[in-house]
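Visitor: Chains as they are written, first to last, in this note's numbering: chain A, 1 to 129; chain X, 1 to 610.
Simulated from the structure, these hints should not be mistaken for lab results. Careful: at least some of the hints might be erroneous.
Lysine-lysine pairs mimicking DSS-like chemistry, simulated, CA-CA at most 30 Å apart [stated by the list, open to error]: (1) X:K173 with X:K100; (2) A:K66 with X:K334; (3) X:K311 with X:K334; (4) X:K432 with X:K421; (5) A:K93 with A:K41; (6) A:K66 with X:K263; (7) X:K442 with A:K93; (8) X:K173 with X:K263; (9) X:K528 with X:K477; (10) X:K369 with X:K263; (11) A:K41 with A:K69; (12) X:K477 with A:K93.
Cβ pair distances, simulated, as ranges [unchecked claim]: (13) A:G96 with X:T446: 28 to 34 Å; (14) A:L94 with X:S425: 31 to 37 Å; (15) X:R493 with A:C29: 52 to 58 Å; (16) A:C29 with X:R381: 45 to 51 Å; (17) A:S46 with X:T446: 39 to 45 Å; (18) A:C29 with X:R395: 28 to 34 Å; (19) A:G96 with X:S425: 45 to 51 Å; (20) X:G489 with A:L72: 22 to 28 Å; (21) A:L94 with X:S492: 32 to 38 Å.
Chain A residues, not near chain X, derived (Cβ > 10 Å throughout) [unchecked claim]: (22) M1; (23) D7; (24) D8; (25) V16; (26) N24; (27) E27; (28) K41; (29) I62; (30) R71; (31) K103; (32) S119.
Bear in mind the structure is a predicted one, so any value in this text is a computation, not a measurement. Ideal Cβ positions, reconstructed from N, Cα and C, are used throughout, including at glycine.
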Amino acid sequence: MRILIVDDHEAVRAGVRAILASRNDMEVCGEASNGQEAIEKALELSPDLIILDINMPILGGITAAKEIKVRLPQVLILLFSMHQSNQLVREAKLLGVQGYVNKSQAGTMLLNAVDAVSSMQTFFPSSVA
Amino acid sequence: MKGSYDYRLVALSVLIAVLASYAALELSARTTAARGRLRLAWLVGGAIAMGQGIWSMHYIGMLAFNLPVPVLYDWPTVLLSLLAAIFASAVALFVVSRKKLGWPRAITGSAIMGGGIATMHYTGMAAMRLPAICSYRPSLLILSVALAIAISLVAIWLTFRLREDYRTSAAWKVACAIVMGAAIPTMHYTGMAAARFAPSFMSPDTSHVVSTSTLGFTGVTAVTLLVLGVAVLSAGIERRFSVQKLQLSASERRYQLLVNGVKDYAIFMLTPEGNVASWNLGAERTKGYRPEEIIGRHFSCFYPEGERSSKPEQQLQLAIAEGRAEEEGWRVRKDGSKFWADAVITALWDNEGHLQGFSKVTRDITDRKQAEESVREVSGRLLQIQDEERRHFARELHDSAGQMLAALNMNMVSLEAEASKISVSAVNLVQKNLDLVAELSKEVRTISHLLHPPLLDELGLSAAIRDYVEGFAERSKINTHLEIPADFGRLSRELETAIFRVVQESLTNIHRHSGSPIARICISHFKKTVRVEIQDEGKGITLEKRSELKLGGKAGVGIRGMRERLRQLGGTLEINPGLNGLGTIVIAQLSDSNQNVDSKFHRGTISCAS
């Protein structure tokens, strides 16, 4: 599974990379630091999955997701955010992305989410406090 | 031939002279005070009365002189001497009633007056018809004429000094009248002393003669006293009237000086119809019109174009109904520039309750208004800056610290796998660190959310408010309904923040103060207006509290903050009782000047029951 990591923080991208490194079936094919770059990289690399941060400069993850959904309908998207909000989860579902992972729980949740999404399931937190 | 005097008649002549002098003083004062036709009337009437007095003094003095022969008088000549006396009096009154009295004028006047009196005297002598020839000693004749002129000069000078009655005491006047009255007979008796009578046997021309009977002298005395009395009396009445008038006009003048001198306030009068009737210096400075340009014009020209037709009349009606009408508003100067005025119109009634007009006091308080505006502007700016700063801190916390904590969490998880290769205690340590990181993340998130609504920037108002409302319903157990169009769209950051804060503040108030079990929020965006209504069914706000809120003075920081935030963006805030008199409704309206014109009016309703 080829994965594109999109986050404006270098440290976060490194963290994600480290987590994914424990798995042989997952390969990080590229990184981007904002929505605009994400769209370009996605078109260039055609990854299987994009781990997409929401809150980024230049172009946010939500807008980028919409654009990517139009141009690459088959790509899987996992939204990745600091926000803990039912509203945001609802928005994400409406957007048609496959999953949502809270960054502060990424250590434990990210691999589960990636696994779920890659087996064509969705992954959303049931309820957020 | 020697004559003798009847001293009783001499005394009477002196008394009449004193009376005539007193009359002269009064008459001169009246002539001085009067204007136009009235002045002419006083001059003519006064001259007749005074002339009559001087003449009768002379006539009685003649009667006091007894000759051993019968004396008759030629009446046309007697009449001529009376005219001479009246002429002399007229000259005297004319001279003393002028504004100024220089030496040339005083001397000319006294020469004419003295000449007139001397003429009167010697014409009167010439009227005598007796069997004797009258001749004069030149030295005494000249002395008598000189005395007449000198006495006239003194009389004119004294009278001129005393003519303004409000400055002169009555005692002074009487004293002067006695001096003058004593002086006039001096001339007469000097003239008499100049005359010598030689007996003649030629019978005099007795056509047109009258005899000096007792009746004649009583009549002359009576008429003289009557004329002088009437003159003095009428002069006295007129004087009292004129003194009052003078005092009145003096106080009016002082008042006018006071009003006219005021520079900082426009003070003017209006007729009952609203036309300008007076204009002070302050009015001229404030409004730019000179008195002659504005007096007589309707005061509506001070109001801005759009208010002219109704506002001025409303203000007058209010002043009539309530006594006064105070208002702050824009006014227009002559040059078209505007100023912010504080104006008070007061209705003026006379004792019978008839409307006499209005007084209007206007003050230019543009400076104060501007100061208030700038304070408001500054506080609005401060709120914006505060919002901006909070937003910045929230972002810093959320984005930098939060992201690093997320990275730390992921790294710890990776480390956990490695630690399992070392020892159990290493794994435990990593897990403890993971717990700490999780706790820290939560802390950071809470602070950041308090500082700035999460999601507002990323997802916009609709999502952020839904999120907030959900949380609010859960915390407060208040059944909260939110109505907001599904495609509400995005607004400018300032507008979104302001609306979010209004909703947040209102919900907090409902939670803290209203006791309401439910809250309703309705946000609509129609044409270019965003309207936010937040309603509860709690105990509501009392009338007094509401008027306090309206004035803004004692309103809570929260409400004032909301209001200023909205004002800054050109919006308004209303706080009213709820629809059925139940609870409170807060209405905020904002105009969205830039975008989202095509936002349709779909209403997606999300009910957030607790």
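Visitor: Tell me the numbers of any earlier hints that the structure contravenes, in ascending order.
Guide: Failing hints, ascending: 2, 6, 8, 9, 14, 15, 21, 23, 24, 25, 29, 31.
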